[in-house]
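Position chain B against the provided structure of chain A, taking the given hints into account.
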Amino acid sequence: MIRTSGLAAAGLACALCVAAIAGPTAAADTPKRGGILTFMIPADAPPSFDGHRETTFATVHSAAPFYSVLIRVNPEDPSSTTDFVCDLCTAMPTPTDDGKTYTFKIREGVKFHDGTPLTADDVAASWRAIIHPSEGVSSARESYYLMVDKVEAPDPTTVVFRLKFATGAFLPALADPFTWVYRKAILDKDPRWYEKNIMGSGPFKPADYEIGQSIKGVRNPDYYHVGQPYLDGFTAIYAPKQAVRVDAIRGDRAAGEFRGLPPSARDQLQHELGDKIVMQSSDWNCGNLITLNHQKKPFDDVRVRRALALAVDQWHGAPALAKIANVKTVGGVVFPGSPLAATRAELETLAGYWPDIEKSRAEAKRLLKEAGAEGLAFELLNRNIDQPYKFVGTWLIDEWSKIGLHVTQRVVPTGPWYEAMRSGSFDVVVEASCNSVVNPLLDVQKYLPRTVFSENYGNYDDQPEIDLYQKMLHETDGAKQRALMREFEKHVLDTQAHELVITYWNRIVPLRSYVKGWKIGPSHYVNQDLANVWLDQ
Amino acid sequence: MYRYSVNRALLVVPTLVGAAALVFVLMRLIPGDICMVRLGSGGASVDPRALAACHAELGLDRPLVLQFLDFVWGFFRLDFGISMWSSKPVAEEIAARLPISLEIAVMATVVAILIAIPLGTISALWQNSWIDHAVRTVAIAGIATPSFWLGIVSILAVLDVSHALFGAAWMPPIDYVPFWQDPLRNLSMVILPALTVGYRYSAVTMRMTRSAMLEVLREDYIRTARAKGLVERLIVNRHALKNALLPVVTLIGIEFAFLIGGLVVTEQVFNLNGVGRLFVLAVQNQDYTLTQALVMLTVAVFVFANLAVDLLYAWLDPRIRYG
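Protein sequences, first through last, are from chains A and B.
Each residue of the first sequence is one higher than the one before, starting from 84 at the first, in this note's numbering.
Each residue of the second sequence is one higher than the one before, starting from 35 at the first, in this note's numbering.
Bound-form chain B, shown alone:
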């Protein structure tokens, strides 16, 4: 177990360096540069002296190897540098956006769990009944419907319904206020995105819950429990659901990690100043340092989550070893 853990942990280093090299090269393969975008994106003419000064200031006139070494060295010291666009520390830029992304991710996860686990279980228990068909239809619709479309439609629905009911259109606030400052305003802003993201999330989780439950319900120990005369509620809750939830929990974890930086379109639709929107902005502006930091953060989250899962599996199942 010790050797396995060390070997597995050491693999993280080349993975991170490889990812760093990839993101560094890919960003620089995109034609153009941040200075042109910054100085001329409004259609204004670009002063060549200002352009040269901008390149020098951002270090873009330095050899690529030096730029790469700086980036990797900074990453391992957890120093992500300064955003080329805003000249603010990258950590500050991300920290400003993280709370809202985190809040949406948590709320969407809660929504997903509240919808997916009961419905997935019911669907499995009444397999092939009209309830099962209805739940599966809801789940497939959730997977097939893009969150951004649902977001746009939900905003329009709120506007139209409020207009019809009160004579004036109402929509949720578009400027974020932290929960501890104004809970009502905060919730009225985040509830729609949380519901729209949570619906898709719940659809995926619902299907996983149903499949896992169906598999577990056919296990010998469930049959034994039934043969012993245990009440159905106890069989489902204590024996079936607990075991069926293992893959579901893994899925929820992966989806949650994705939501931290993956709400790119939803954040645009709801004007949420989150990490996803920052990602888009960084790529659009060709802000190398910020994009690199965001990609590496995402990579690091997934690499360490995988590491944790692998180590956990090795601990749970002693048969998993290297060599």
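Same shape as in the complex, but just chain A:
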């Protein structure tokens, strides 16, 4: 085992987490205009086109090209976890009122696709619909904006967000790619109009939609980012089966997809297409969590929970798993590319990350013996999805067998999987946490007890953890926040071992080499408006 210094490890982690393998593209490439991009959406048709309501990437990949947002992750640097730029605003604001007021100036001359002008009223109304939805209207991200008190539009070019407290979680949350700006007049008339209809101000205008088949867009000539979009249009084809997508890319029926393929498909395409395909890859802000049901004995005993963590050799397991599954980088509770993430040296102090696996497993066995749980047998609940759930589950069973545990795996479809977690009828479950824009302060809410965060299925109470989180959420000093995050991480993963974080996923996006301009980031929700994509044909 090679040990590295903290600084070197941090550098290595950063290098690992955004390993954008750019192909033969070069910064000097001049975008060409024209052409229709055909790509696939690896899903069936989205339930609706309303970004405020939906959580699936199928909605974003289908409709993001039609909409504008207030701010966004920099499309030229989407791998950054801190680089946010204006889309509809004119400049990123400096907060006032001790960090509790953000004032955005809105671009003038922006038009919706129906020709009506887009004003601050539309921006504010859209945000109010997201943060404080009216009765009977669903907003999937209401809880992201717990810090927002009011959204105001004092004049046609100004939008003001007033916060209840200052927090570093606000700006990343504001850059969420689902927060499309809708027309206020339409929202006022029918708040659910956008579920079935599309009318935005983005780089493309909707041209055609075949239910469950495809969606098409054509260039918006009035788009406010001058010169963009480069494409004349796009066609997105819904293709849920991976074999179809791989064949379609190989046969050039589609230029690629933007979610991610597993390593086997990457290797196959690279073998068959050579330099005609470019693979971009990045760490994904998604990972599998192993949740232990504290209401089931012996998982109420922290010694047993720690033993389960200590048995897993992530440092050796990750590279091996990465050959067959879309996982790659070992991380803690924070996405590895974030400034708030733990370095390797910091991780190595936590249960489940010790560099000496023999020592770690010896400690695990000692803890099991002490807890009277030697040779423990239990069931691992898993979701019926290959990548990477079943790969991770199978690997874990093997890891746990090395400390004498007897684990069986029960794989169920998504509905029953959720139901088992919600009803607490499981011992240990393979979960996933898949987040959008990297926002550690909100992303780690998943680890909070159910009394605070309803989708935590560990069935535990932990007031010190909640207190620690609140302190961290309200802390605006970066260094102090980072120190608090380390405390929080140690508490969740080691001291209490509430959850196990398993290797972060690896996003591999295949694009035909003639597709240029698009850059990968750690989220498949982000950077999907296609404004900067062009075809070198």
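Simulated from the structure, these hints should not be mistaken for lab results.
Treat the hints with care, as some may be off.
[Unchecked claim] Computed, partial: chain A to chain B, Cβ under 8 Å: (1) P125; (2) D127; (3) T138; (4) K324; (5) V327; (6) D330; (7) S537.
This one's a predicted model, so the numbers in the text were calculated from it and none came from an experiment.
The beta-carbon is built from N, C-alpha and C at its ideal position, and this holds for glycine as well.
Chain B only, in chain A's frame:
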């Protein structure tokens, strides 16, 4: 005949209600619900308020009895309601998918008939010869080979062969265009699935044709025809094949009805946006209304097809009566 017809038609009602109750209960026995799948399937955390709003919006917070009565009442009025997943009318969802399923079913049936009837007849006429053995081998291979496997292999074969011949891999389009918009593109998309489904279909039909022909060829009236010196071609075409085709036609009808909603795997393999794929999607998403409608449609097709066959049999054979 009149009493029989009325009695037989009245049996349709309890059959449909029973099927409706069964599908309603079975769907709700599956743990989980559509709102959790919809709000959290991407791995995102589910906002409890959004979950409650979703349940209220879809009526899942209402008593099950009311939900069932709504469903049955809607079914008998041919109002299948709104898809819980897409909020679109179920009829619209199905109508969008029906043309492609119908086209594949028709083409596969044509392929099956073109292969099965001649080969089945030849096989029977040359029973136990090498031709018969070859035809039976083809038929058994067709039954034993899953359509989806054949589909995957056929796509790969097209890709590899086109790559070898032209230096660039070619595959059929993956987005459907109706025949009247672009016949060539349409046919290039549906021909492979039609062939792969048609092959299995033809294998079953081929064996039925052979058996029926063998049976008919041993009938007295065939012997009489031969004794009268009728030419073999006329005996086979006019007397034997016509009679042997009765069970074959029944089989073709049943298989065709199955293909309308039964191409679940083939539609996935070829990325066909048909009724079978919609069925899978509806069940995966726990979209109760859509699944119920699709099941009831399938049930209705089979119930009414059986009714028609029973009535036809009663008309053809006066001995068939109740009591």
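Q: Determine which of the earlier numbered hints do not hold for this structure and return their numbers in increasing order.
A: 1
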